[in-house]
Amino acid sequence: MTDHESTLTTRHGDLLPDWVVADSRPGYEGVIVPVSRLIEFAFLLRDKLGYDLLSSVTGVDYLPDGKMEVVYHALQTIGGAPFVFKVQVPREDPIVPSVVPVWPGADFQEREAWDLLGIRFEGHPDLRRILMWEGFEGHPLRKDWKEPYYEEDAKPYKSRWPEGHVRRAEDVAPLHDNVQYPPGFDPESWTPDGDEALYRGLRKYLEDSGSELKTDRLIVNLGPQHPSTHGVFRMVVVLDGETIVDLKPVFGYLHRNHEKIGERCTWIQNMPFTDRLDYISSMSNNFGYALAVEKLMGIKPPERAEYIRVMMAELTRIVSHLVAVGFLLNDLGAFFTPVLYALEERELILDIFEAVSGSRMMCNYFRFGGVARDLPEGVLERVRDLVENRLPRKIDEIDRYLTKNEIVRTRCEGVGVLTAERAIALSATGPVLRASGVPYDLRRADPYSIYDRFEFDVAVRYHGDIYDRYLIRLDEIRQSIRILKQVLRDIPEGPVISGKPQWQVRVPTGESYGRVEGPKGELGFYVVSNGKPNPWRYHVRAPSFINLHTLAEMARGGKVADVVVILGSIDIVLGEVDR
Amino acid sequence: MNGMGVLKGLAVTFRHFIDTYLEDFKAGKKRYFTEEGIRQRASIEAKGIFSIQYPEEKLPVPEEFRYIPFLVYDEGENGERALRCTSCGICAKVCPPQCIWIVRTNDPVTGKPVPAPAEFYIDVDICMNCGYCAEYCPFDAIKMDHNYEIASYDRFKEHIFDLNKLSKPASYYAKIRPANFARETAEREAKAAKKAAP
Amino acid sequence: MNPIETLDSPGYDIPPEMRGQVNITTIDRIYNWSRKNSLWPMMFGLACCAIEMICTAASRYDFSRFGMEVMRPSPRQADVMIVSGTVTKKMVPQIVRLYNQMPEPKYVVAMGACASGGGPFKEGYNVVSGIDKFLPVDVYIPGCPPTPQALLHGLMTLQKKVEKESIKTSRWYSRRPVPPIPVPVLGPDLMSPAKFEEIREYTRKLAEEQAQGVEGDQSTQDAGQGGAA
Ligand code: SF4
Ligand code: SF4
Ligand code: SF4
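Protein chains in written order, with the working numbering: chain A, 1 to 579; chain P, 1001 to 1198; chain C, 2001 to 2229.
Hints may contain errors.
[As the list claims (entries may be wrong)] Covered stretches of chain A, as calculated for chain P (at least 3 residues, CB under 8 Å):
hint : segment
1    : 123-134
2    : 159-166
[Unchecked claim] Residues from chain C that keep clear of chain A, each with C-beta distances beyond 10 Å, as calculated:
hint : residue
3    : R2035
4    : W2040
5    : F2066
6    : T2088
7    : M2102
8    : S2129
9    : S2166
10   : S2174
11   : V2178
12   : R2204
[Stated by the list, open to error] Taking lysine-lysine pairs in the BS3-like style, the calculated list, with each CA pair at most 27 Å apart, reads:
hint : chain 1 : residue 1 : chain 2 : residue 2
13   : P       : K1165     : C       : K2195
14   : A       : K300      : A       : K67
15   : A       : K532      : A       : K300
16   : A       : K404      : P       : K1008
17   : P       : K1058     : C       : K2205
18   : C       : K2106     : A       : K146
19   : P       : K1058     : C       : K2161
20   : A       : K394      : P       : K1195
21   : A       : K485      : P       : K1112
22   : C       : K2164     : C       : K2205
23   : A       : K143      : A       : K86
24   : C       : K2160     : P       : K1157
25   : P       : K1195     : A       : K500
26   : C       : K2195     : A       : K146
27   : C       : K2164     : P       : K1157
28   : A       : K67       : A       : K404
29   : P       : K1157     : C       : K2161
30   : A       : K204      : A       : K559
31   : C       : K2161     : P       : K1165
32   : A       : K404      : A       : K394
33   : P       : K1157     : C       : K2205
34   : P       : K1191     : A       : K500
35   : P       : K1195     : P       : K1112
36   : C       : K2106     : P       : K1157
37   : P       : K1112     : A       : K158
38   : A       : K158      : A       : K146
39   : A       : K158      : P       : K1194
40   : P       : K1058     : C       : K2164
Hint data in this document are derived by calculation from the structure and do not stem from the laboratory. All C-beta atoms in this analysis are idealised placements derived from N, C-alpha and C, irrespective of residue type, glycine included.
Kindly generate the complete structure, drawing on both the sequences and the hints.
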């Protein structure tokens, strides 16, 4: 019996039914559930065992075995490790019952698995493509699907050395561009979908307006080019006058094929790509990925590296929350002044990142088993100066500046309310969940790295409105400062990486799920290794993507002007939403 | 009282506004267009006007700053260039977006590989400035540049950097990254000494 | 030098007593001078580079010093489109539409590796290999992301380009209207209308190859069966 199996049985005793089997592949964890009884098992897990939040859903294409696997990670909001369960279906016609009736927060993730892997979820209320457009040919994450610039299955490509025939990819592609079409396809006869599938779901609202007064309902598109959507995000709203009847988010305008590229890259090559997920907080992305791979490799960073990691992650949290607060105020109409104040502090922290890692935003600082290099001279003093003197003062200033402002309060208090039950059901994590009264913070709930050594409070607020989501970010900045002070007090001398830096790492077979409490929520990396130099599966559980489940919920019944603010209060970064 | 919050907030902005003048007044002429001024405005104590007025003033970049990579060559006494690169290919293999192309030199007589690149290309329209090439090169032959002023009008002619465009002298490297350069030189000398000793 | 003096056209000597009061210049020069100092960028961000663009607009780098502070979210009021980030296939129809909606004269700055040539994500199936596949780009800024100072340098490079233009040769003052750029269509993959013919040719060939392949299989099968018989 593996360790994991034993913990499973001790944790849940005989509560697990005998028709689930432990996943016995070496390096794998969790249980395998028969497809036919998935929903039954899901209800059992949620209602009997208390796994109330479905954190991640993803598919894996096991091409050599002819199987598709859907992997679920569920967690208890009272804390503890996630519970992993899987279903396996044949690759040709993968049909899995949808768990949306059990956990509504599976919605987007199931759509993503359909879009990218072609797994059909039966009973899903709105199974459309999510990242690509309707009509796109193929399901790109399937292992036998090749992109137009396909060169080899895995990097490094042989054409680069020793006979590097320099060329641009488009020079050799048949159409001189990054495109491909099915044989016999005639572009003239093509009728673009034009979001027909999307509008179909909304049309029902246009027909019955419900009230006696005859009013027309309107479908309005906000985005993808809209000053308030924080990037290329699009919302389709049905309006009844000023009131929002329903809202559908549309994704994929920044879908950069992170996972497909990640499965071609070697393990270490993925590190700089993670920077570009949530590009405001690259250090904590590095952290999550490093944890996932280190878990597989079974290594631990030395003490000093752990402290440096925590220091960087907390500075990142401050940066991210400052930006979130600033832009929230922007969305409220306080055009630019709060952002400018917030960005000043951000610049000072970015200076530290730049000195340490070489880049302001794309830090690429973590390595498996440590960090890339030790802190340069003077950096620690600078951080100390910042943390002890400047930041607390500046946070108080922002507090004084905005918190009591009557306009802010009227616009935010009681607007966009999300109850605790709904937040959990919709799989929200991070500040969004905590502002609804659920004190779930991974740093406490399932401590990773050395967070169990620090003293800090999990910030929690109870109203679940925009105002609380604003306040909780200030609270968290204060807690981060508290952690930073302890880091600076305790940081030891010593090496910053275990073993020698290597450009090629060996990762044993198995799967692993590394997660950190990112500034936006639970950031998880699900990786599967088959012992080769590159991952077989590389999936990102992106918090701001999954938090967007709550958007429609909060916006319904509100005014159109509030939607923008509600979106701002969720704090999304498109690089992570679309990946 | 209603409106107090707004007023208090406005007081904060007003304070910022006043600070810009006070700071200018305090620091006098040396606040702008001097090294000291830039340092002051980029420091933790920065107050008042925060802007660095590029291009007249430039914010100094830290030693670790990375932009596009370049190849280091050592200069001989007569000005001949000796590229440090041995065309071992590690950088091309570790490069995440695979934007390095290297052609290894073969000895014309024996046909055996010679440790020097015949051609070396980096497509800067793909390069993600990650710094892996510099980090993992065993010969300290490729390093990350500090020069970011490389906007151009035509990418087709200019954006695949070749050997000529990539090569920069070791003295330049020593200038932009003094600490790294010193450390690496010391390490290499120590190694050489160890080799020579027995 | 007094910024006004940069206006003076070379070759005309202004008597010393008139200096600072009179400038002799050409229409081109004064026109370009005013244009280059009031380039309004569009408030339009695509990806990570957009954050650096915001930093360039923010306190530390503050590009209002170049007359660019008015970032307009509407293309109708913008002169420069800073393509700041990865251009995806799903987004490119909108970008082309935005560009078509900008009034002339208009400029495009490709900020960062992604916008210039695809960047680190170039091999991805949803990524366009550089915005210049669709729009005429005036300045390319390498870097991932270009730091704010690099962006400023790029914008100054653009200003230099504006300075050298002439009313006589600019395409927006010719009599012929500049046709809008055809908006690409999302089919099984991205299709630009100008390339329909090429695409049809290619897919026809593919179909033929496939048919041949199938036939080939069949003939070997037939041969096999024949042998067995
Ligand atoms: S630059 Fe360094 S890593 Fe790259 S080929 Fe030359 S010696 Fe090898
Ligand atoms: S910096 Fe990174 S992306 Fe650029 S050439 Fe070096 S390894 Fe490749
Ligand atoms: S060039 Fe780099 S920083 Fe800019 S959008 Fe592309 S990946 Fe992001």
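Status of the hints after comparison with the structure:
no.: 1; hint: 123-134; verdict: violated (count 0)
no.: 2; hint: 159-166; verdict: holds (count 8)
no.: 3; hint: R2035; verdict: 24 Å, holds
no.: 4; hint: W2040; verdict: 14 Å, holds
no.: 5; hint: F2066; verdict: 17 Å, holds
no.: 6; hint: T2088; verdict: 6 Å, violated
no.: 7; hint: M2102; verdict: 12 Å, holds
no.: 8; hint: S2129; verdict: 5 Å, violated
no.: 9; hint: S2166; verdict: 33 Å, holds
no.: 10; hint: S2174; verdict: 29 Å, holds
no.: 11; hint: V2178; verdict: 22 Å, holds
no.: 12; hint: R2204; verdict: 7 Å, violated
no.: 13; hint: K1165/P - K2195/C; verdict: 35 Å, violated
no.: 14; hint: K300/A - K67/A; verdict: 33 Å, violated
no.: 15; hint: K532/A - K300/A; verdict: 21 Å, holds
no.: 16; hint: K404/A - K1008/P; verdict: 8 Å, holds
no.: 17; hint: K1058/P - K2205/C; verdict: 56 Å, violated
no.: 18; hint: K2106/C - K146/A; verdict: 38 Å, violated
no.: 19; hint: K1058/P - K2161/C; verdict: 23 Å, holds
no.: 20; hint: K394/A - K1195/P; verdict: 56 Å, violated
no.: 21; hint: K485/A - K1112/P; verdict: 59 Å, violated
no.: 22; hint: K2164/C - K2205/C; verdict: 47 Å, violated
no.: 23; hint: K143/A - K86/A; verdict: 19 Å, holds
no.: 24; hint: K2160/C - K1157/P; verdict: 19 Å, holds
no.: 25; hint: K1195/P - K500/A; verdict: 21 Å, holds
no.: 26; hint: K2195/C - K146/A; verdict: 22 Å, holds
no.: 27; hint: K2164/C - K1157/P; verdict: 21 Å, holds
no.: 28; hint: K67/A - K404/A; verdict: 57 Å, violated
no.: 29; hint: K1157/P - K2161/C; verdict: 18 Å, holds
no.: 30; hint: K204/A - K559/A; verdict: 20 Å, holds
no.: 31; hint: K2161/C - K1165/P; verdict: 24 Å, holds
no.: 32; hint: K404/A - K394/A; verdict: 16 Å, holds
no.: 33; hint: K1157/P - K2205/C; verdict: 33 Å, violated
no.: 34; hint: K1191/P - K500/A; verdict: 17 Å, holds
no.: 35; hint: K1195/P - K1112/P; verdict: 26 Å, holds
no.: 36; hint: K2106/C - K1157/P; verdict: 23 Å, holds
no.: 37; hint: K1112/P - K158/A; verdict: 19 Å, holds
no.: 38; hint: K158/A - K146/A; verdict: 18 Å, holds
no.: 39; hint: K158/A - K1194/P; verdict: 36 Å, violated
no.: 40; hint: K1058/P - K2164/C; verdict: 26 Å, holds
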